[in-house]
Amino acid sequence: MAKAVDGVSFAVKPGEVLGLVGESGCGKTVTGFSILGLVDPPGRIVGGRILFEGTDLLGLKEEQLRHVRGARISMVFQDPMMTLNPVLRIDTQMIEAVRAHQNVDSRAALKIAREALERVGIPSPESRLRSYPHQFSGGMRQRVAIAIALLNKPQLIIADEPTTALDVTIQAQILYEAQKLCRESGTALIWITHDLSVVAGLADRICVMYAGRIVEQGSVDEVLDKPLHPYTQGLIGSVPSRNRRGSPLAQIPGMTPALLDLPPGCAFRSRCPRAAPRCVNETTLEPSGTNGRLVRCFYPLHP
Amino acid sequence: MKALLELEHVSKRFVQPLDVAGKIARALGADVSDEVVHAVDDVSFGVNEGEVVGLVGESGCGKSTLGRMVAGILPPSAGAIRYRGQDRIGLQVQMIFQDPFASLNPRMRVEDIVGEAPVVHGLVKKEALGDYLDQLFARCGLDPSYKKRFPHQFSGGQRSRIGIARALAVKPEFLVCDEAVAALDVSIQAQILNLFMKLREELALTYLFISHDLGVVEHLSDRVVIMYLGRVIESASTQEIFERANHPYTQALLKQVPRLDTRKTQFKPIVGEIPSPLSPPTGCHFHPRCPHAMARCKEAAPPLKEVGSGHFSACHLNDR
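Those sequence lines, one after another, are chains A and B.
Residue 255 in the working numbering sits at position 255 of the first sequence; the count goes up by one each step and never skips.
The working numbering runs 1000 ahead of the 1-based position in the second sequence.
Calculated directly from the structure, the hints in this document are not laboratory data.
The reader is advised that the hints may include incorrect statements.
What the hints assert, rightly or not - Taking lysine to any residue pairs in the SDA-like style, the calculated list, with each CA pair at most 20 Å apart, reads:
hint	chain 1	residue 1	chain 2	residue 2
1	B	Lys1198	A	Arg114
2	A	Lys180	B	Lys1268
3	B	Lys1268	A	Arg72
4	B	Lys1268	A	Glu184
5	B	Lys1255	A	Glu184
6	B	Lys1298	B	Lys1268
7	A	Lys180	B	Arg1263
8	B	Lys1198	A	Gln251
9	B	Lys1255	A	Thr164
10	B	Lys1198	A	Pro253
11	B	Lys1255	A	Arg119
12	B	Lys1198	A	Glu184
13	A	Lys180	B	Val1271
14	B	Lys1198	A	Gly139
15	B	Lys1255	A	Pro240
16	B	Lys1268	A	Gln93
17	B	Lys1268	A	Thr164
18	B	Lys1268	A	Pro253
19	A	Lys153	A	Arg114
20	B	Lys1255	A	Asn243
21	A	Lys226	B	Asp1261
22	A	Lys180	B	Thr1262
23	B	Lys1268	A	Gln179
24	B	Lys1255	A	Arg114
25	A	Lys226	B	Arg1263
Here the structure is a predicted model, which is why all the values come from computation and not from measurement.
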């Protein structure tokens, strides 16, 4: 058995943007999927609680979860080509999503769909509603996916690498819409990404994940300016713009361990410059200072 | 310094001929014609020996097509590409591809993937191949004992190293790297970028480094060439571009790169999308999205003009 996600705890407030950062295979997507009960068998959630406005989502029956998914919590995936049905027009897909959760006729649902497309900045939404997914460009398709996520005015949106496949100028447009949305409607946002620079400009707080665990948590400014965990520092050091031009990048040696045979103790210790014999012991996420700052390390950088 | 590689008015057109229905429609007088994509449109620049030139642009701007022409994989439709003054591009120019998963044959052992070309081209005798590969693997940061393995037994970062080893196996002088680190995680990307810099020093290599990631290009390149919809719109030394970008597109692009130091920014995007290369806008290709567009921008494409020492930009605003 491999633990893709191991003892992850965090909280998001209304209107807040939480950045969930980590490299491939660190469990950030599985964390997002767990919230919505989307983990495929043989995967399963073996412990913990997921409280959404006070209710434990893990205690809900499948039927009750359906009323949460897409209505109060919605998700935006990385690749909109995979999440939109290629043989249905956009309006069909959007009306279906509205009427699954709201008791309205299709005319009213169409109006809601048009307004959602308008909100994400799609020009001439009236005619675009009658298009098929392949008639949109990548950036436009992602906007449609976000518009669908907005249809039922959810309290929480989970966005899993939504701009990774997009160009810089299109990414900026999507980030702009996401920011506007949180500011104007108080929607909470969990932004899952591997790109620290994106969350720097967007998020309020950051969770850094490594090998299925959160290794550091705190406000954006604190985590990026004064990282406590050596892995966070390594990630920041690997970003080219943080280094003098042409000088060797500060690299983290080695690679992420396989989740199937994680070493005991700190999973990062084989790559860590600060590792000591004590690191084979089990680590816990300890508070550091105020503001809900947490770190999982025996030898944090700014004690 | 003399230019190692020169591109003179290079263009690449991809033509989709009319199908039968289209031909009949044309015979009957309908206004249809072959679909032509100007992937690369009259591009000229040079790369000096030992230099790293970053080629930047968004998807569909023609940067990969240009890279493939430089590597000799695609012939240009017009113009000339000269390497050391010669029209023929040989083994000296090698290419490193974007996707380390798709660019290695899954049914070949790594030693065959890397070792096939140098033997075929007579650079190494078959008996000496083992030692040659050991050296090459070590140079690229791979354990030589892994050479009997298949590509699926390696991680993404290691596969990138195999792609680099394959390119280096024929002793090239010039490497075309097409989004060579785009598919990698940040920490692995840093390792590969460091490898590129180490190899450049050890083997006196010249790079054409194609990327959409301005952060990577800024770090690695001596000079940057920016493309938009098939045309070069600006080129200058890296420092000059990042401090005094001239073209409105470059300025907007630089402003939108997410950076670690910009917190809680108000993102102010450029409006609109990259137009389809099937029907590019008239005049300056950027004018529908440009905040400074004038009447003249719709009519005439601005030529590349020197606006500073070694700094070229194609914008009508510079004439005022």
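Quiz item: Out of the numbered hints, which ones does the structure contradict?
Solution: 1, 3, 5, 6, 11, 12, 14, 16, 18 and 24
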